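**Q** Residue strings, one per chain:
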Amino acid sequence: MLSVSEIFDRLNLEHANQSRLSIVPKPDEERARERGGTSVDLRLGRWFRSFKQSQSTHYELWAEPVGGNGREKVRAIGTKEHFVRFGSEFVLHPGRFVLGVTLEWLSLPVDLSGYVTGKSSLGRHGLVIETAAGIHPGFSGCLTLELANVGEVPLVLSPGMEICQIFLHKTKAPKERADTSTDVDPKANARNPGTFSGRRKPAIDLPKVDATFEKLKGPMRSDKDEAT
Amino acid sequence: MVDRNVVSRLRLASARRRIDAFLEQIGSLRDSSFPHDDGKRALKLIEEFAREQRANVELPDDFDSRMVDRACLQVAEFIERNTSFLGFILRSTNVRNPFELHDPLKDLIAQVLGNEALLLISAEWNFVPFTYPRNIGILPDFVLIGTPAPEAGNVLITPLAGHEIGHSIWHRFDLEKSLSGEVNRATLKALQVSEVRRKRLLLEQGIDELGINILRGRCSSHALRQLEEIVSDLFGLQVFGSAYLYAFEYLLAPSGYPQDIDYPSEKRRLEIMRQAADGLSIDIDDAVYQRWNEKPCEARDRDMFTVVSEVVNECLGPLRTILSEKMSETGIVPPSRAAVEDVLAAFRKQEPYGGKATLPEIVTAGWVYLRERHGLPEPEQAGEYRVLNDLMLKSVEVAEYRGRLGLA
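Line by line, the protein sequences are chains A and B.
Here the first sequence is numbered in our numbering, starting from 173 and rising by one per residue.
Here the second sequence is numbered in our numbering, starting from 266 and rising by one per residue.
Treat the hints with care, as some may be off.
Among the chain B residues that face chain A by a calculated CB cut under 7 Å, a handful are [claimed, not checked]:
{"hint": "1", "residue": "P300"}
{"hint": "2", "residue": "F364"}
{"hint": "3", "residue": "Q615"}
Below, simulated SDA-like cross-link-like pairs (lysine to any residue); rule was C-alpha separation at most 25 Å, straight line [unchecked claim]:
{"hint": "4", "chain 1": "B", "residue 1": "K621", "chain 2": "A", "residue 2": "E201"}
{"hint": "5", "chain 1": "B", "residue 1": "K621", "chain 2": "A", "residue 2": "R192"}
{"hint": "6", "chain 1": "A", "residue 1": "K373", "chain 2": "B", "residue 2": "E649"}
{"hint": "7", "chain 1": "A", "residue 1": "K373", "chain 2": "B", "residue 2": "N362"}
{"hint": "8", "chain 1": "B", "residue 1": "K305", "chain 2": "A", "residue 2": "R192"}
{"hint": "9", "chain 1": "A", "residue 1": "K373", "chain 2": "B", "residue 2": "P644"}
{"hint": "10", "chain 1": "B", "residue 1": "K614", "chain 2": "A", "residue 2": "D213"}
{"hint": "11", "chain 1": "A", "residue 1": "K373", "chain 2": "B", "residue 2": "Q524"}
{"hint": "12", "chain 1": "A", "residue 1": "K373", "chain 2": "B", "residue 2": "P413"}
{"hint": "13", "chain 1": "A", "residue 1": "K252", "chain 2": "B", "residue 2": "G648"}
{"hint": "14", "chain 1": "B", "residue 1": "K305", "chain 2": "A", "residue 2": "F262"}
Keep in mind that the hints were calculated from the coordinates and are not lab data.
Only a predicted model underlies this, so the values are computations on that prediction, with no experimental measurement involved.
All C-beta atoms, glycine included, are put in the ideal place defined by N, C-alpha and C.
The task is simple: from the sequences and hints, build the whole structure.
**A** Right under this line is the structure:
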């Protein structure tokens, strides 16, 4: 795990350096170094996404491939975006859940990965932020935060407040695992951004159905034989 | 015969009901999520005017029937004139709008129009480039910037807001008054070029021989409208640099709209902007100037258009001098080439720019990036195009963040 000092060393590398880490806007270096430790605090951004009440009885948590499975399609969960300017507030009521986003845009080099966690000082007041979400090498974008009020009183959130922290690890460099890895070169990533890369608003894409899941959720082979 | 008071009672009841419905509409709009306060202030202003209208139809049934009719008509006109603004305000709250642009654009407007200026950015369902009505009597301090509804979130078309602000500049500095003497002289000269043409023009315009002053007035009026459009273009160019022309091309090329007599031809507009860009040392991709189609005016306006074009050409020199003086008063300069390069370098690395940059510099870098990627024409590049938009908006947000923290 990188220390704060190592994180800032990475942030201060030349732009052309492939090991450079980018956090925009850059966190206050002096304050972070003074505080020490192994994480950097990130601030709350200005976009939120809440969930709409609807008539749907349920939602599937996967995205069917194009063409679908022949069943009537369950619509994607309805959400509403909110923009809260600096100096304004968003109130999260007890039992409610909303997606937020970090103010900072992160770009990780190929040899760093990390995870984001809430701040314990906020957690103690009932604000739960994500559950150790991983950040992959080559990631680029603002981090989507799952904010839930598990306390008993409404909590006021305001853009710009420190909301979470990231921890960063070194991963095996691509050269060392060239034979086994299909790791993304950040330059290539920039030309073909991934699903969760490069967004300034909270993302809510569903995982796609993969071949294994497709087979698992389909009928048993023997059922198929009977049907034919 | 129907009792006059009965008619008045019915008419007044209808007028009251209509204005009450308008006020109710304002009430429900007030509950919208306004990302900025200007929308709320606009609603409040409209509400005040609407309440005045409501008070005007609180007349007794036996009041002078002509006065009753006039009050009812005023209400009808008020509602007709202002309902579209309620729609505009409502759409300004839609999250498809790039709300991050509000503060930097407002700062820009304040720089030229003063701190009292207010701003509404909204999507237009009936968007027509450059023809959004300005100078709304009911909202005198507001600059309204309409964007085409399907592209409300597209930052790359923001430079066209420069054109809209340019119209406000025309009025704020009363450039019409400054140029009218020159325009009148040039019109007289143009009408004296050819007697045959003048006579044909009078005939085409349905004016008799004694009405030469009417003809001169019409020509001058059209010339002033064209000059206003040129001022707006030049302002957009000066503020947003090459991005203004790229956005102009994006929405208008290859054109072919019927020629409106109150606008110079698009080809001419581009020529004028090219000269101005050269004067300001703004680098512009030459492709922008290529392949613009033109449609002539309607037959009856062709001579008029020729005369107006001559007048406009005569007045371009004085216009440039006046505009240059006004621009130096505002302190606005074109985007810095070095800053654009810095922002562009960040975009190439798929990062927002973390340093100090203005909105025009950020958008210019966006356009340069897009053009160096040949417009991102492939379907699989749609993601990159979307990311570019987000990079620009995040860079704008970071600039605001830095400004609030007082970072250099």
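**Q** If a hint holds in the structure, say so; if it does not, say that too.
**A** So, going through the hints one by one against the coordinates:
1. P300: Since chain A brings a Cβ to about 5 Å from P300(B), closer than 7 Å, the hint holds.
2. F364: 5 Å, holds
3. Q615: 3 Å, holds
4. K621(B) to E201(A): 18 Å, holds
5. K621(B) to R192(A): Holds: K621(B) and R192(A) sit about 20 Å apart, inside 25 Å.
6. K373(A) to E649(B): 16 Å, holds
7. K373(A) to N362(B): Status holds; Cα separation ~13 Å.
8. K305(B) to R192(A): 45 Å, violated
9. K373(A) to P644(B): 22 Å, holds
10. K614(B) to D213(A): With a Cα-Cα distance of about 23 Å, the restraint between K614(B) and D213(A) holds, given a limit of 25 Å.
11. K373(A) to Q524(B): Since the Cα atoms of K373(A) and Q524(B) sit roughly 42 Å apart, the hinted pair is violated (cutoff 25 Å).
12. K373(A) to P413(B): Holds, at about 22 Å.
13. K252(A) to G648(B): Between K252(A) and G648(B) the Cα gap is close to 22 Å, so the pair holds against 25 Å.
14. K305(B) to F262(A): Within the cut-off at roughly 18 Å; holds.
The structure shown violates the earlier hints numbered 8, 11.
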